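Novice: Residue strings, one per chain:
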Amino acid sequence: MGHHSTWPEWVYVGVVVALMCYVGAEAWNIERIIEHVPEDAELIKVTGQQWLWTFEHEDGTKEIGELHLEKGKAYHFEIYSKDVIHSFNIHDYVVLMDAVPGRVNTVWFSPDKAGEFDIQCREYCGLIHYNMRGTLIVEDKGA
Amino acid sequence: MVLELQKPRPIWQIMFSTHHTDVGLLYLITSLAFMFMGGALALLLRVELFSPGVQLIADSMTYNRIFTVHGTTLIFLFILPSASAFGNYLVPIMVRYKDMAYPKLNAVAFWMIPPAGALIWLGFADFTWYAYPTYSVISAPGPAADMWIFGLKILGVSSILGAINFVVTIMKCKHPDLPLSKMPLLAWSYLTSSLIILVAVPTFAAALLMLLTDRLGASGFFNPAMGGDPIAYQHLFWFTFHPEVYILVIPAIGFYEILFIRHNTIWT
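In the order they appear, the protein sequences are chains A and B. According to this note's numbering, the first sequence holds residues 4 to 146 in order. According to this note's numbering, the second sequence holds residues 164 to 431 in order.
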């Protein structure tokens with residue numbers, strides 16, 4: 004003990020610290036980019052309740068179980084819950100945010116493909132949680 | 164070392180013993196039994212999910228109850244007691260003491276597990292292993308949910324008693340000729356995970372009480388209709404269960420050292 008060289012250990016520690024700093028800075032930067040909501044994003048109020056989703060557009064139209072959006076536009080969601088915790092998930096667009104009673108959570112995304120996508124509840128909410136689904140319909144108005 | 168062969172003893176002598184090897188054996192048998200019970204529930208779930216549509220479980224509430232009791236059983240009634248099993252058996256030997264510091268307390272900590280397991284299995288609650296409010300407060304059907312809360316409460320007290328016993332055994336009953344720096348890493352790992360239990364678990368014990376009084380309508384800690392916040396429960400819960408990961412993995416790391424480094428006869 005005490006007579007062997009310690010520089011390989013210090014090189015190892017240095018490499019690990021440098022890697023961690025890089026990963027931390029990169030993650031912070033990506034987080035900053037994806038949390039920035041575009042200014043022209045349309046606001047949609049999403050309400051979860053046992054066991055269905057309700058969507059309210061900016062112009063006051065309401066939809067139950069179906070959400071019609073336009074391809075290429077940005078959408079900003081305010082997520083509410085009427086009873087227990089739900090989680091608003093559009094799997095294909097990596098949208099996932101809890102609906103917590105007494106709180107308003109927000110998330111945004113911009114659909115870049117037209118078609119039909121699944122909306123589902125991702126937080127256990129009781130008897131029919133397994134079937135608390137909706138459909139996202141992205142329409143291509145430009146075509 | 165002379166190996167002493169003992170005559171077979173009747174089962175009740177082992178059951179009512181307070182000796183650390185007997186209690187360790189009881190912990191091991193109990194945890195293995197719960198492992199197979201939790202595994203059987205996992206098999207039911209996988210059979211149901213084998214293909215789309217209904218295979219075995221036509222009722223969604225039954226399915227929800229099965230995955231809840233499966234998770235609860237494997238985390239609280241299998242992994243935790245199995246760590247205690249090996250710790251009880253080995254730690255007193257490794258610190259060269261005749262038994263755990265408090266043998267009766269040790270037996271008490273073990274005997275809290277079967278009634279807690281009975282409460283969890285007879286109740287068969289449905290609110291997942293983490294029991295988030297507000298579902299667990301305003302929506303989860305009783306008495307299953309209340310039995311689950313009482314079962315977990317008992318298991319929490321059992322872990323805290325066990326942890327106190329390990330800390331005192333290692334810090335106070337260790338042989339004077341054995342310095343901490345020469346103590347096997349496995350004993351160190353039990354000391355560390357017991358200290359983590361003492362810091363982390365009381366928070367969940369408090370959260371369970373708050374959940375219970377919320378369910379009774381006597382308080383509204385986690386119920387926004389009464390001015391509470393469900394996220395408060397999630398903070399209290401994860402204050403316990405993030406460290407819980409280390410409570411479970413640190414003894415395993417201790418075993419790694421014992422099996423593959425200290426007593427390595429394979430790769431030398």
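These aren't lab readings, by the way, just hints derived from the structure by calculation. Hints are not guaranteed to be accurate.
Anything over 10 Å on all C-beta distances counts as not near chain B; from chain A, calculated [stated by the list, open to error]: (1) Trp13; (2) Val141; (3) Lys144.
One side of the interface only, derived from the structure: several residues of chain B facing chain A at Cβ under 8 Å [unchecked claim]: (4) Tyr295; (5) Ser302; (6) Asp309; (7) Ile394.
Predicted model, so just to flag it, every value in this text is computed and none were measured. Glycine included, each C-beta is placed from N, C-alpha and C at the ideal position.
Novice: Take the hints in turn and mark each one as holding or not.
Specialist: Taking the hints in turn, this is what the structure says about them:
{"no.": "1", "hint": "Trp13", "result": "holds (24 Å)"}
{"no.": "2", "hint": "Val141", "result": "holds (25 Å)"}
{"no.": "3", "hint": "Lys144", "result": "holds (35 Å)"}
{"no.": "4", "hint": "Tyr295", "result": "holds (6 Å)"}
{"no.": "5", "hint": "Ser302", "result": "holds (5 Å)"}
{"no.": "6", "hint": "Asp309", "result": "violated (17 Å)"}
{"no.": "7", "hint": "Ile394", "result": "holds (6 Å)"}
The structure fails to meet hint 6 from the earlier list, while all remaining hints are met.
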